[in-house]
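Chemist: Sequence:
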Amino acid sequence: MPRAAAPLAVLLLAGAGTIAFAALAMAQGDGSATDNPDLLRGPVGVGCRPGTLCHFPPIDPNAPQRPVAPIVIAQPAASPTPAPAIMPAVSPTATDSFVASPPMGVPFAEPSREWDTEYALSLRGAYVRSDAGERFELLAIPEIALSRQALATDIGIGASATVIAPNTSDARLGAADIDASVTHRLSPGAALNFDASLEFTEDDPSGLTVEDADVDSAPQTIDGAVSLAYGQRLGQFDLVALGDLSRRWVGDTTLDDGTSVDNSDDDVFGYGAGLRVGYAVTPIIGTFVSGRAGREDYSNPDTDLGISRSGADYTLRGGITGNWSDVVTLEASVGSGWRDFDNSALEDAQSWLYGAAIGFAPNSTTQLVASLDTRLSGGSGASGASTSYDAALEATHRITPWLALRANVSAGWDVPVDGSATTRTSGLGTGADIAIGPHTSATLDYGYGWREDPNAVDPSREEHRISGGITLRY
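Numbering (mature numbering (1 follows the signal peptide of the UniProt record, and there is no 0)), first residue to last: -22 to -1, 1 to 452.
In short, the hints are calculated from the structure, not lab data.
Source: prediction; values computed, not measured.
We put the CB at the ideal spot given by N, CA and C, even for glycine.
Careful: at least some of the hints might be erroneous.
[Claimed, not checked] Here are the in silico distance ranges between beta carbons for each label pair:
#1 SER303 to ASP234: 51 to 59 Å
#2 ASP396 to GLU92: 53 to 61 Å
#3 GLY415 to ALA149: 22 to 30 Å
#4 VAL305 to PHE172: 29 to 37 Å
#5 ALA310 to TYR208: 24 to 32 Å
#6 ARG107 to SER165: 52 to 60 Å
#7 ILE200 to SER147: 16 to 24 Å
#8 GLU92 to SER438: 49 to 57 Å
#9 SER438 to SER242: 22 to 30 Å
#10 ALA130 to ASP234: 30 to 38 Å
The whole structure should be built from the sequences, with the hints applied where relevant.
Modeler: Shown next, in the form of structure tokens:
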């Protein structure tokens, strides 16, 4: 595929494929009873994260919105920042977090100018045991969230930080983030959405994401991203167009002997655009086609390859969605991904992509979510492009008004296209939330993580973590 024509071809194929889907759908049912513009994406999306095509606000103010949300004792305004994960987070599913539009029965009502503010402070203690030994940590996690809802525009701003004080070293900032989201409804059938985020992370020197040995301080990573999406409802058709920018900076790794390892070859700037077009077959079932063209530009050549991994990425997918009264939600897709490297020494790659996610919420106290997603990336180590697979299973159950249980299992593996060794990660966790008072809750968690990375100095690592603490929220 010529590189100049590839982005246009992907977007044209997405539109043409949707027309074909619609023709088949009309032969099976007209779907005229549905009035839910977000039905085609559903509350559970495959590979969704803020800023992607399947994460867009409802654009019909009259449509009933009952998104499936995680069950917690005290609903926070923003998801709390957890203690540093014992393995890289695997989040292939997400729920729509946008507030439903107010009823249109008072179209001339004065927009609200009030800002709602919520803040919290979590104090936790953790016992961590890994291949490098054992340690105790004290964690302080402050949070703040601001939100403003009006008839046409909703604004949300959130920030949090995680301060870690291990018993073996000085206190450090383990994580910090700030994000903002603005949703503006242009009409009952159209909306604009803007998202921006900035995140800082630093793992423990013996953490699962650290590839070097004898590390005194792990590299500090900063990730920034912005995206702008436009959604439009056209009868039974649903269209979402999106553009995004991202930037990652990775600091040096400091070893015990005082020397530094340069990680600037991981600094990357990414940008792209995508289009998703869906058709409502019935009030329950929908079809969609999505395409995206993007690019990654690395700041420096890769130290293992001696050349840059910069190149263009293209994806094209088609699939179906389902939503049975928000009790069962389903999305499944299949497609293809292409990676065109700028340097001819790296072989261009193609991979089949699969995705599936199913959510089950039989009542207000129980929720199950299972998912599988694949993607084609630029790869790592001495290999070229690789296909990444992520699988996860999450469950939450509220036993009483003051006690809720949760559990999760996740796995991920990166398979290089050239047949090199596979990188694998897995993890599991379980926990409980206990309501003590109207503003106070207690948490108790256990987590296990394992990583096998042939590119790391220590190829295999595992970690156990037991933590508990108190959260004050106002």
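Chemist: Indicate, hint by hint, whether the structure satisfies it.
Modeler: Verification of the supplied hints:
Take SER303 and ASP234: their Cβ atoms lie about 58 Å apart, and the range 51 to 59 Å holds. Against the hinted window of 53 to 61 Å, the Cβ-Cβ separation of ASP396 and GLU92 comes to about 57 Å, which satisfies the hint. In this structure the supplied range 22 to 30 Å holds for GLY415 paired with ALA149, their Cβ-Cβ distance being about 29 Å. Roughly 32 Å separates the CB atoms of VAL305 and PHE172, a value that falls within the hinted 29 to 37 Å.
At roughly 26 Å, the beta-carbon separation of ALA310 and TYR208 lies within the given 24 to 32 Å, and the hint holds. At roughly 56 Å, the beta-carbon separation of ARG107 and SER165 lies within the given 52 to 60 Å, and the hint holds. A hinted range of 16 to 24 Å for the beta carbons of ILE200 and SER147 is consistent with their spacing of about 21 Å. For GLU92 and SER438, the Cβ-Cβ distance of about 53 Å falls inside the hinted range of 49 to 57 Å, so the restraint holds.
Between SER438 and SER242 the Cβ separation comes to about 27 Å, which falls inside the hinted range of 22 to 30 Å. Taken as a hint, the range 30 to 38 Å is violated for the pair ALA130 and ASP234, whose Cβ atoms sit roughly 57 Å apart.
When held up to the earlier numbered hints, the structure conflicts with hint 10 and nothing else.
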